[in-house]
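Enquirer: Fit chain B to the given chain A structure using the hints.
In order, the protein sequences belong to chains A and B.
At position 83 of the first sequence (counting the first as 1) the number is 93 in the numbering used here, and the numbers step up by one without a gap.
At position 70 of the second sequence (counting the first as 1) the number is 80 in the numbering used here, and the numbers step up by one without a gap.
One should not assume that every hint holds.
All copies of an identical chain are treated as equivalent in the list; a pair is satisfied when it fits inside any one copy or across any two copies.
Simulated pairs of lysine-lysine, BS3-like, Cα-Cα distance not exceeding 25 Å [said to hold, decoys possible]:
no.: 1; residue 1: Lys90; residue 2: Lys267
no.: 2; residue 1: Lys267; residue 2: Lys92
no.: 3; residue 1: Lys267; residue 2: Lys189
no.: 4; residue 1: Lys267; residue 2: Lys310
Source of the hints: derived by calculation from the structure; they are not laboratory data.
Keep in mind that this is a model prediction, so the values were computed, not measured.
Protein chains: 2
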Amino acid sequence: MTTAPINQTTISTWFKGLQARICQALEQEDGKATFQEDAWQREGGGGGRTRIIQQGNVLEKGGVAFSAVHGAITEVMQQKLKMPSGEFFATGVSIVLHPYSPHVPIIHMNVRYFELSQDDQIHQQWFGGGIDLTPIYIVPTQAKWFHQQLKQVCDQYHPDYYPQYKSWADDYFYLPHRKETRGVGGIFFDRLQPSDTNPLESCWHFVQAVGEAFAPTYIHLMQENKTKTFDEQAKAWQSLRRSRYVEFNLVYDAGTKFGLETNGRTESILMSMPPEAHWRYNYQPDKDTPEAHTLQHLKKEIDWINL
Amino acid sequence: MTTAPINQTTISTWFKGLQARICQALEQEDGKATFQEDAWQREGGGGGRTRIIQQGNVLEKGGVAFSAVHGAITEVMQQKLKMPSGEFFATGVSIVLHPYSPHVPIIHMNVRYFELSQDDQIHQQWFGGGIDLTPIYIVPTQAKWFHQQLKQVCDQYHPDYYPQYKSWADDYFYLPHRKETRGVGGIFFDRLQPSDTNPLESCWHFVQAVGEAFAPTYIHLMQENKTKTFDEQAKAWQSLRRSRYVEFNLVYDAGTKFGLETNGRTESILMSMPPEAHWRYNYQPDKDTPEAHTLQHLKKEIDWINL
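Bound-form chain A, shown alone:
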């Protein structure tokens, strides 16, 4: 953990390092593909580096993106984010990984910092983030283990974090039109603002811990599942579940919508899309199949840790 002052530069520098460490760890575990980097500049200020992995041994398509952007708060942002006029600064790391095997879950992670200022004075600042897991086939013991890792991170900083952020993830990663959660959830938080009882340093250390937890947690799940065999039916089910991932990201995900509406870099925003997805009209799995078992677990408010 850093002891340097906590500001735009130290936060974004740390995020950049996190991106590098995560990419290295994933490349090592994948054993075949390497990340390709696109560095980009934002017209209004700042930029980012989007790192994409494709056709690996384990990872079929995925991205680990860093960005640090700033500029005047536009009218669209004032409306969409209910912000005052002034300047904004936003930095973060976003990850979505789509593995080839239907036994290795899709994962998403995001850690971010947002700052609003007027006349060079910080007006508001907050952190946000989350990690959520989307197994194609839900294995309750693995979902339990995954939630235990997140709880462990949360509990180091505040006893309310895990229950609150687990519940927030249930609500956020939800497809009302399917009456399904996206997967087994995880944690989600936003507008975590420093306060007298929770100073900037604590917030930042928590966000750093979430970021650091990502690689070992996901690599464990890759190792646990990557050698399992699967058949065509499992791949077909994966394609169908991927279509639900597309539906969530394009219809509901706040980051995706905001990015597309505010003229963000399309290819970086849509790096979350799966390599492919299938839609079948009104598909219902047969009773007592692994597919039906998974559907039954795509529900809010499952207490995975005590299941």
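Expert: Showing chain B alone in chain A's frame:
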């Protein structure tokens, strides 16, 4: 054309008949698959019949849906459609067809009637609709022919219809984040309300003519293209273009968004999804390829008829 009174019953009955005629014509041309019907009831009033075709000779996945729903105007509708309180009645036919061959274009058609009433008095009534074509490979002579058919229909009713509705389609079927139109456009219109100079009868006959034009126009395009050979690269390009179709429908299409937000029947709303779609990070076709040629034509304001 009907000479019967024009009201909820006669309009919806005619739409139901249109659905049946279109399905029959498409089945005959496809030569293999038949439409499977799902009849459904809406909790708040009314219902529909969704007809789906899958794995045909020409049509890989498609739907021709009829619905006639009514009920109290909900708060969500008041906000989203800027409506007063009261009762609504909505009926229409919606079509999206995804052919197997990348040489046969995707097509979409919709004709609809909307009525608002208070205390059994019609308060407002309007028609809407459109047809638009999404070729995987744009063939300018075919796009020209397609627009000529639409212009012919429009010109019988009003000289302003084609130019206005062609331009409306350019604006509506547009993906700002890709800076691409969905395809070669067509016509799109909404809130076509009866007036002194354009009585209910004329509006309705125009909408009927749009509906009747669909089958012969699309069947001509099926016949023209269905025997052309194609390779894996063409299928890969089709999968990529289908992903743009997904993006348009889930991010921008007003009917899809409204349907999902107002708790519509999900499987009927999302029958527009392609059987499959692929995303590749930052894909750019090589210069002077048929794919690059198509991208260059995914632009607004192309005067297809005089090209």
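Enquirer: For each hint, tell me whether it holds in the structure or not.
Expert: Results of checking the hints against the structure:
1. Lys90 x Lys267: Both. Shortest intra-copy (10 Å) and inter-copy (18 Å) distances satisfy the 25 Å Cα cut-off.
2. Lys267 x Lys92: both (15 Å within a copy, 22 Å between copies)
3. Lys267 x Lys189: This pair counts as both: shortest intra-copy Cα distance 21 Å, inter-copy 16 Å.
4. Lys267 x Lys310: For Lys267 and Lys310, both the intra-copy (23 Å) and inter-copy (23 Å) Cα distances are at most 25 Å.
This entry satisfies every hint, going by the numbered hints stated previously.
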